[in-house]
Amino acid sequence: MATTSVTPNATPEVQASQGKPRSLWERMKEYRWSYAFIAPYMLIFIIFTVIPVIWAMFLSLTYYNMIQPPVWVGLENYARLFTDDQLFYLAVKNTFYFSIVTGPLGYCLSLILAWLINEVKYRKLYTLIYYIPSITSGVAMAVIWMYLYNGSKYGLLNYLLLKWGIIEEPVLWLKNVKTTLPAIMITSIWMSMGTSFLVFIAALQGVPHELYEAALIDGATRWQEFWHITLPMIRPALLFGAVMTVVSSFQVFDLTMVMAGFPSTLYCAHTIVGHLYDYAFLRFEMGYASAIAIVLFLMTFIISSVLRKVLSSKDL
Amino acid sequence: MSAKKRKAPTRGKAVERITTGQIVIYAILTLGAIIMSLPIVYMISTAFKPVTELLLYPPRFLVRVPTTKNFSDLALAMTSTDTPFIRYIFNSAFVSTIVVVGTIILATLAAYPLAKHKFPGREFIFNLIISALMISGHVTMIPRYLVIRNTGWIDTYYALIIPALAGSYGLFLMKQFIEPIPNEMLESAKMDGASEWKIFTHIILPLCKPAWATLSIFTFIGTWNDFFSPLIMTTSDSMKTLPLAMRTISDGQNIARMGAAAAGSFLTTIPVILVFIFFQRFVVETMTYSGMKG
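For the protein sequence lines, the chains are C and Y, in the order given. Residues 3 to 318 (the numbering used here) are what the first sequence spells out, left to right. Residues -18 to 275 (the numbering used here) are what the second sequence spells out, left to right.
In short, the hints are calculated from the structure, not lab data. One thing to keep in mind: the hints can contain errors.
[Claimed, not checked] With a straight-line Cα cutoff of 20 Å, these simulated EDC-like cross-link-like pairs (lysine to aspartate or glutamate) come out:
#1 C:K31 to Y:E160
#2 Y:K99 to C:E28
#3 C:K180 to C:E170
#4 C:K155 to Y:E165
#5 Y:K179 to Y:E165
#6 Y:K99 to Y:E34
#7 C:K95 to C:E215
#8 Y:K171 to C:E170
#9 Y:K179 to C:E32
#10 Y:K99 to C:E32
#11 Y:K50 to Y:E34
#12 C:K95 to C:E121
[Unchecked claim] Simulated coverage check for chain Y against chain C, where a stretch passes if three residues somewhere in it have a Cβ under 8 Å from a Cβ of chain C:
#13 31 to 41
#14 107 to 115
#15 181 to 193
#16 243 to 255
Just so you know, these numbers come straight off a predicted model, no measurement behind them. A virtual CB, placed ideally from N, CA and C, is assigned to each residue, including glycine.
Use the sequences and the hints to build the structure in full.
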């Protein structure tokens, strides 16, 4: 053991070596079992994730319609995307609008709920009820929400609002340019809140009870307790939840496609992924669509990195 | 409410006194829970409504005289396309089950060396997989589609199953779970002359079982609910999965069709909910100590 302080967890073969520097190839041979174990996973991972990411970068610099081989066009796709594609701007605007509302709102709601639930009995029951919408099929539940939002007086929402005198005639919630996106946002928050909520619940249960008892003895208020003990203790979960929320809210597409139709009224629910889908799988302009994919990737990456910086700084 | 009076949020052993603050918390949570469950209750109730109740004005939230006619109508509604609804259920169940089993096998195999062996390239491989966690699936979707097209797998089960097998999340979860297993245990087995394979099957596998529950649930739910990959990878009606079928069933406008649509939603969502309720206790447990913390 003493000779291998560099690799304390190493397998006995390594410990048997007399501390001599050995060639990479020899070390790799020693670990042939490790590579054998990891090979099946890596094979699929490389073919369906690593290569596609690189390939998407390459394709985004080409014109490719799947019939002729890709033609190199340099940054032309990006130039067209940023200077010539009004619909892309609309999609970006809608996606940001959607993310900025649903992301923080859903995130804060789920943090507050997780914190409250951690204070009461029947934790499991409440957790279950709040989490269930997150495991339902987005499309299947979108269909139910569409009937709640139904544009005739038979729609429950219209019926209630008419009855209470808030509106005077039925609103076509999912056809009207002003109401479509907000209506979908409500469904989305309902449906996605549970994911980070479950992470928060798990993290809150991992906070040592002694800390709370100590705070109680010191006479800390509940707010101080939340701010100085709970939040710092669950910081990794906060980060994880925030990144997940951002990444998933930027990908919004199935809800908008099903609820608002594709294309939606005056493209009022057009999103970045919707734009990508349109170019890739309806127009088969794979190069241009790849450029959209890369821009989407960069956006989520930058925002995730910023969140990472903010949430892992010491001042939280 | 003074800080002295309230209890530390440990609860459990001591008798709890319900304070005003707690009543408020219960009230908020219960109200929220009712709001959250309304759409699900509405779905269940609507799935059993006869047509007369669907067309009732004013519309009613709950069903009065439940009927299973919507479910038989659903089967009929699909015969026009030559694909019975049960085929979609089968497709979803088949694909999800295989993906779950395959993910468990591949992720556990790969997680063991990543957690326990210091082989050259380990850090690099692990970082690669972790960065994939942050990449939106849509970025890889186009080349993935092209790969699948080249292999001739479009509109086959392979297209829905194989790419789904190497998810980052499953590997990450298994690795976090295997890491706390004491190294001494593995080393002493090695001293006794056990091969790596034997260590894997006799020590690692039995200890992994609790994590498999969590991994299975999330993989199952993810695959069952996936909409985007079947949308682009399948072309024929008979290869569609439930979420795709649901999209064609309903336009959300025709009130009379609402019963069949709700019945379809019922069949799409209820199995997942039941599976989750059944496994719920494993999920929070694994997440707590396999380290969403790390």
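Hint-by-hint comparison with the structure:
Taking the CA atoms of K31 of chain C and E160 of chain Y, the gap is near 23 Å; set against the 20 Å cutoff, the hint is violated. At roughly 14 Å between alpha-carbon atoms, K99 of chain Y and E28 of chain C fall within 20 Å of each other, so this suggested pair holds. Pair hint K180 of chain C plus E170 of chain C holds up; C-alpha atoms about 17 Å apart against a cutoff of 20 Å. Of the supplied pair hints, the one linking K155 of chain C and E165 of chain Y is violated, its CA atoms being roughly 70 Å apart against a limit of 20 Å.
With a C-alpha separation of about 16 Å, the suggested pairing of K179 of chain Y with E165 of chain Y holds against the 20 Å cut-off. Proposed proximity of K99 of chain Y and E34 of chain Y is contradicted: the alpha carbons are some 66 Å apart, above 20 Å. Distance check on the hinted pair: K95 of chain C and E215 of chain C sit about 48 Å apart at the alpha-carbon level, beyond 20 Å; violated. In summary, the hint linking K171 of chain Y to E170 of chain C is not supported, as the alpha carbons are separated by about 78 Å, beyond the 20 Å threshold.
For the hint pairing K179 of chain Y with E32 of chain C, the CA-to-CA distance comes to about 17 Å; that is within 20 Å, so the pair holds. In summary, the hint linking K99 of chain Y to E32 of chain C is supported, as the alpha carbons are separated by about 11 Å, within the 20 Å threshold. Restraint check: the Cα-Cα separation between K50 of chain Y and E34 of chain Y comes to about 13 Å, which is no more than 20 Å; the hinted pair holds. A threshold of 20 Å between alpha carbons decides the hint, and for K95 of chain C with E121 of chain C the separation of about 39 Å lies outside it, so the pair is violated.
With 4 residues carrying a beta carbon less than 8 Å from a beta carbon of chain C, the segment 31 to 41 of chain Y meets the three-residue requirement, and the given coverage holds. Judged by the Cβ-Cβ criterion of 8 Å, the segment 107 to 115 of chain Y is covered by chain C as claimed, because 4 of its residues qualify and three suffice. Given a C-beta distance limit of less than 8 Å, the hint that chain C covers the segment 181 to 193 of chain Y is violated, as 1 residues qualify and 3 are needed. Coverage of the segment 243 to 255 of chain Y by chain C holds. Counting CB-CB distances below 8 Å, 7 residues qualify, and the rule asks for three or more.
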